[in-house]
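Q: Note that the protein sequences, when read in sequence, are chains A and B. Residue numbering for the first sequence follows our numbering, beginning at 1 and increasing consecutively. Residue numbering for the second sequence follows our numbering, beginning at 1001 and increasing consecutively.
Honestly, the hints are just simulated from the structure, not real lab data. The reader is advised that the hints may include incorrect statements.
Pairs of lysine to aspartate or glutamate, DMTMM-like flavour, derived with a Cα cap of 25 Å [unchecked claim]:
#	chain 1	residue 1	chain 2	residue 2
1	A	Lys104	A	Glu90
2	A	Lys279	B	Asp1045
3	A	Lys235	B	Glu1016
4	B	Lys1098	A	Glu510
5	A	Lys170	B	Glu1021
6	B	Lys1018	A	Glu256
7	B	Lys1074	A	Glu220
8	A	Lys213	B	Glu1015
9	A	Lys240	A	Glu254
10	B	Lys1100	B	Asp1110
11	B	Lys1113	A	Glu220
12	A	Lys494	A	Glu388
13	A	Lys96	A	Asp110
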Amino acid sequence: MKIKVYVPQDSSAISVGADQVADKLQADDQIELIRNGSRGLFWLEPMIEVETPKGRVAYGPVSSSDVESLLAQGLLDGNQTHRLSLGLTEEIPFLKKQQRLTFKRAGIIDPTDLDDYKAHGGYKGLERAITMTTQECVDEVKASGLRGRGGAAFPTGIKWQTVHDTPGEKKYIVCNADEGDSGTYADRLQMEADPFGLIEGMTIAAIAVGADKGYIYLREEYPHAHLRLNEAINKALDAKLLGDDILGSGHTFELEVRLGAKSYICGEETALLESLEGKRGVVRAKPPLPAIEGLFGKPTVVNNVLSLSTISIIFEQGARAYASFGMGRSRGTMPFQLAGNLKRCGLVELAFGVTLNGLLNDFGGGSASDKPLRAVQCGGPLGTYLPESQWDIEMDYEAMAAIGGVLGHGGIVAFDTSVNMSEQARFSMEFCAEESCGKCTPCRIGATRGVETIDKVRANTDREANIVLLKSLCNTMEGGSLCAMGGMTPYPVKSALEHFNEDFFLPAVELPLRVGGSSTTKGSQAKAGGPQTIEISIDSIKKAGTSS
Amino acid sequence: MIANTKQQTVLRAIEENKHLEGALLPILHRIQLDLGHIPKELVSDIAEALNLSRAEVHGVITFYHSFKSKPQGKHVIEVCRAESCQAKGGRAIEAAVKTKLGVEFEQTTDDGKITLEPVYCLGNCACSPSIKINSQLYGRVTEDSVIDLIDSLQAEQH
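Can you build the whole structure from these sequences, using the hints too?
A: Written as structure tokens, this is what we have:
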């Protein structure tokens, strides 16, 4: 009998050589090679596993040049003498200490093997949902306490209720898979490792609110997720789990993957809808809410990949079981994503309430370099930079908000002491200038002015006055922008100023020749109307600053 | 079937996708994939087929970073500029690639071989820093490994 060997077909694993490892193992005719998703222990990728009577044992990080010695030292018997041996996979502390619900199948199953999915609890949730009334389905989501995992944390059940209650012959389920936040990769991991989980969740959503068409708006940067999703959708169609008369229930649901086109702002739900309609990804004013007038003006549920994938778990295990995890108003589990300068970067799914220190040190293993950690950005490029004094924070939505922080989509990027926080603040403004949709002035113009102002501070040109100006600009953007892009870009800037102020008083760096971002792209030029300079009287700012 | 002219490629992309809701992005993706850019002179064909103005189609093409109005180099190198890669030395990688190629972002080498593009997160943040060459993603890169990759592209015969 052949021995099962697992080599992840995950983008990250492939980026560090998993395909080459798989090719070498494929040549051995004793091996049944399975390309699973990743377990999310990315510092160990490519991590290969061998099935043994005691369970799966792991080795990593494996390069193709290690394959020969692994086989020679009894890889296929699960022998644990090789220097890359990691023991039983489930016993690896990083994994063992987690509470995996949304990611319970990640890395375990063959991602597009429907039988494997069903053997691990798959489609039990949908089977249950079709026995319930639509209102009971919506109530189940409310009872679970699930809040949008994309970042905004809006209660999912309330959103569904609105779509459920809005009359309309045509309704849509839209999955936001435009995971653009730097430091986040949970959506990608989920779609590559367990695509049926998302498809099942979307199907349940469709039945609950009465929709018959769904779109997964997937960022173009995720080609592997695209392949996995399309393969899984086709298999679900063949098995009558999508399409007409799903499981004999009379419900119809068609699902299609649409690709984004490298625009960060299209992760904002109304810009996403515009993009799906074939337009520029320009943010819409709310109201009307997408739940009432969404895609093509029809009632639309827009949920993140993780929210929808979690739906299938909630319906399989019950709302009460899910809500038993977490703290306060943050129920269930959160997939945190460790990134940047940490020894052990990977996905950590835990109930809300774990401390940031616990994530950085117990899981992440602390700094990967020879310098200590200094700043941690939580919640993507629009999230605040937290200094060490705040790392004892318990990670839940309310606790983070109370210190002006952002949990967002769960991304955590750690920097060591080599970071220059005035440079990071400049990057936040530059990124906003690059990716602003251009609809509202505080964001479109403010971001460009923000870059210029930080450049002046860094160049020691009227430093004190320009810091006052920068703070004032941040307040304008925060209060006057249409969406979170302009509204939250000030968060990282203000936190850098507040907690790492000394970095704005370093020896002067040369003022860039042409202000407005180091890379001039068609996007920023077209949207900001090209480079322009406005002379600002520093004297008037000084007065404004001192009088307030 | 291989289309003989750019226009035939564009018309085929329209024909294959125009029945879709919100067909413009799928059409543009198809053309970008087949031709490497969206020829300006064929914007009117797309506009006509979808009953849009040329300005609307132009607006969409120029809004998204994916769609290019001019042909790209034979190879496209994307260097991630986002925070996780910054924390792992991404700025040094960026500088090394620019120096090696002698171009800035959004530019193509004189021999037309390599276009350099910025990218804001490839979702490979647990294996930072990352770059992408054509469709292949590379994680945990170093200045040396990136230079080696570029050397092998440059050594390639036409």
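Q: The structure should be examined with respect to each hint, and the outcome stated for every one.
A: Going down the list of hints, with the structure as the test:
1. Lys104(A) / Glu90(A): Given pair lysine 104(A), glutamate 90(A) holds - Cα atoms ~12 Å apart, limit 25 Å.
2. Lys279(A) / Asp1045(B): 17 Å, holds
3. Lys235(A) / Glu1016(B): 23 Å, holds
4. Lys1098(B) / Glu510(A): 20 Å, holds
5. Lys170(A) / Glu1021(B): 13 Å, holds
6. Lys1018(B) / Glu256(A): The given pair, whose Cα atoms are some 15 Å apart, holds under the 25 Å limit.
7. Lys1074(B) / Glu220(A): 20 Å, holds
8. Lys213(A) / Glu1015(B): 22 Å, holds
9. Lys240(A) / Glu254(A): 11 Å, holds
10. Lys1100(B) / Asp1110(B): 13 Å, holds
11. Lys1113(B) / Glu220(A): Holds: lysine 1113(B) and glutamate 220(A) sit about 23 Å apart, inside 25 Å.
12. Lys494(A) / Glu388(A): Holds, at roughly 16 Å.
13. Lys96(A) / Asp110(A): 21 Å, holds
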